[in-house]
Amino acid sequence: MALIQFREAIGQAMAEEMARDDRIFLMGEEVAQYNGAYKVSKGLLEQFGPRRVWDSPISEAGFAGLGIGAAMVGLRPIIEMMTWNFGIQGFDQIVNHAAKMCYMSGGQFNVPIVFRGPNGAAHMLGSQHSQSFDAMLTNVPGMKVISPSTPYDAKGLLKSAIRDNNPVIFLESEMMYGMKGEVPEGEYLIPIGVGDIKRAGEHVTIIAWNKMLHVAMAAAEQLAEAGISAEVLDPRTLQPLDEDLIFNSVRKTHRLVIVDEGWDFAATSAQISDRVQKECFDDLDAPVARVNSLFVPMPYAEDLEHAVLPTAERVVAAVKEVMYVD
Amino acid sequence: MAAESKLKYDRDFLISVYKDMLFGRRFEERVNQAYQKGKFAGFCHLHIGQEAVCIGVQRSLRPSDYMISGYRSHTQAIAKGIDAKAVLSELFGKSDGCVRGKGGSMHMFSKEHRFLGGHGIVGGQTPIAAGVGFAIKYDKADDVMVCYLGDGACNQGQFFEALNMAAAWDLPVLYIIENNQYGMGTDFRRVTSVESLAKRALAFDIDNSQVDGMDVLKVYDHVSSIVSKMRKKPKPHLLEAHTYRYRGHSVSDPGSYRTKDEVAQFQARDPITTLGDYLKKHKVATEDELKSWDREIKDQMTEIEAFADASPKPDVSELWDHVFVD
Ligand SMILES: Cc1ncc(C[n+]2csc(CCOP(=O)(O)OP(=O)(O)O)c2C)c(N)n1
Ligand SMILES: [Mg+2]
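So the protein sequences, as listed, match chains A and B.
Read the first sequence against this note's numbering and you will find it ends at 1682, with the numbers running on by one and no gaps.
Read the second sequence against this note's numbering and you will find it ends at 345, with the numbers running on by one and no gaps.
Any given hint could turn out to be false.
In silico DSS-like links for lysine-lysine, alpha-carbon gap of 27 Å or less [stated by the list, open to error]:
#: 1; chain 1: B; residue 1: K159; chain 2: B; residue 2: K251
#: 2; chain 1: B; residue 1: K254; chain 2: B; residue 2: K25
#: 3; chain 1: B; residue 1: K25; chain 2: B; residue 2: K302
#: 4; chain 1: B; residue 1: K254; chain 2: B; residue 2: K237
#: 5; chain 1: A; residue 1: K1395; chain 2: B; residue 2: K251
#: 6; chain 1: B; residue 1: K156; chain 2: B; residue 2: K58
#: 7; chain 1: B; residue 1: K159; chain 2: A; residue 2: K1395
#: 8; chain 1: B; residue 1: K218; chain 2: B; residue 2: K58
#: 9; chain 1: B; residue 1: K279; chain 2: A; residue 2: K1398
Only some residues are given here: those of chain A computed to face chain B with a beta carbon under 8 Å [said to hold, decoys possible]:
#: 10; residue: I1380
#: 11; residue: M1383
#: 12; residue: M1460
#: 13; residue: G1463
#: 14; residue: Q1464
#: 15; residue: F1465
#: 16; residue: D1620
#: 17; residue: F1621
#: 18; residue: A1657
#: 19; residue: E1658
#: 20; residue: T1667
Each pair of labels, with its calculated beta carbon distance range [unchecked claim]:
#: 21; chain 1: A; residue 1: Q1403; chain 2: B; residue 2: E214; range: 44 to 52 Å
#: 22; chain 1: B; residue 1: D158; chain 2: A; residue 2: A1642; range: 53 to 61 Å
#: 23; chain 1: A; residue 1: V1550; chain 2: B; residue 2: S228; range: 56 to 64 Å
#: 24; chain 1: A; residue 1: G1405; chain 2: B; residue 2: S271; range: 23 to 31 Å
#: 25; chain 1: B; residue 1: S228; chain 2: A; residue 2: K1395; range: 50 to 58 Å
#: 26; chain 1: A; residue 1: P1596; chain 2: B; residue 2: R81; range: 41 to 49 Å
#: 27; chain 1: A; residue 1: Q1389; chain 2: B; residue 2: K300; range: 36 to 44 Å
#: 28; chain 1: A; residue 1: R1631; chain 2: B; residue 2: H341; range: 55 to 63 Å
#: 29; chain 1: A; residue 1: N1466; chain 2: B; residue 2: E214; range: 23 to 31 Å
Read the hints as simulated data drawn from the structure, not as lab findings.
Treat the numbers as computed from the prediction; the structure is a model and nothing was measured.
The beta carbon of each residue, even a glycine, is placed where N, CA and C say it ideally should be.
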């Protein structure tokens, strides 16, 4: 096992897959000569050359569509969105074209493409740069959505995403790129649609993904000190969702808190909550609680930003609420 | 005295133009220092090197004209009339900031001064500018809308759509491309089909021109003539100003994709030094006077920073303000 950064794990996944399959190319702003705005694609231009690694103009709609066209006729593009705040410039291509092509063409044209980049807030970047698009992306049939929380998961899942024959959205985080984790030397794949129990527990299930997983883990640590054993479940893939893993955990703990960086209205957490109340109604000892970002555009000032985002304190409070303890 | 009589410009005008450019330079330097000291965080894009465009354009406008820009706009906001204290306070996320700490570096606004932002999505301001031009024409006013964008922003699809509408409907919008040659680490020539960005106007049959953006008087003369024509007969104009940013894309970018020589070449044509030399040559000011103005401006910076330091943080409850108006 090697201890590597999140950004390196993603870089390794791309490098290994690109070495395996010449049909894969990478395109995005600053991905080639600058080695990526967040250094995720470091070394790829050097290793694979300019035929495989492309600096794009600032034309997200354009290069999202270019990737889709290339994928329709047999290439396997990885399209990097510098962040998903800019990726939504390409939303029309992703939603109206990538996600519909296979269906609309009666299965004749599939679109094997990965759109990847950081999602959610970084730190003090204000309203236009601090948005979490999980809910909007998972709301669209015809594409898969992955949102990993560790270098290990990111590498294994990105490799699966690249091999998938359908559009896959891969959500990262600026705040996690420097985070280190154990990654095995040899090749491994993690299947899309399979969640993972990141911490086993008995009294309450906390579901969280991406950087919120780490908020949930911190909360679980605090709760352990108070004698509450929390199970932390990372779905890893949001579309499709590993519902069995979730239902089984809830049937064991009887209580559920979901931590989701998205805005609280019509959030991914709301969808999970809906599925759990339907399928686990008799198992629940308390209503499902959700900890989301407050329903406001992100303010810039540090204290205000802090108040908007889910924190370990808010998660602990939510757990105490579903446990009916103070 | 002989040299003086040949002067095409009013002495006071020249002195104020010089002081305003120097003010912008010293302001951005102070901003950079404050950032390095950890007084604020997030992105911070400096305008150092591009002062001639900022002030040359500003002097061609009247207060009722509108302006919109991207995220490299601290000094444009000041030139449009926003108090530098309010701009620095905004950077510090304080309640005396021009948007009360909600926006930060990328989002300066002032309705009073007809400064419509500070926008963080590259190219996003360009169709909004067309809308302002539309409203000016709707009201049969003779104001002008100035829209700044970068060389990188020229490749955003929205910009093409905006140009077409502005041209089709003869909207009084002056699009000013600050061509500093780079969009982040990408030399615009690597991702752009034309050498001269002004040529982009040809497809839309829009009047277009280029100007030396390192020479404030050339910018002033040129933009003044565009604006006076536009007031008489509304129609768009696309102006490419050749300029250069001395620093990295943002304070966290070392800018190592450029050679020292290239930076030095532009610094040799520094807009402030150039005008200073002109003032001395035409006996408008002595070297001692230039130095004393610089001291005065630096003292002002200290005062501005003290103001921003002392400004209170916004109360956390304010985060709910301004999602809507009543
Ligand atoms: C739609 C969008 N894509 C990408 C970015 C990230 N980004 C911020 S500034 C920038 C470069 C813009 O360059 P240019 O237009 O030349 O302006 P300059 O920074 O040189 O003033 C990029 C790619 C963004 N903010 N918005
Ligand atoms: Mg530029």
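Q: Compare the structure with the hints numbered earlier in the document and write down the numbers of the violated ones, lowest to highest.
A: 2, 5, 6, 7, 8, 10, 11, 12, 13, 14, 15, 16, 17, 20, 21, 25, 26, 28 and 29
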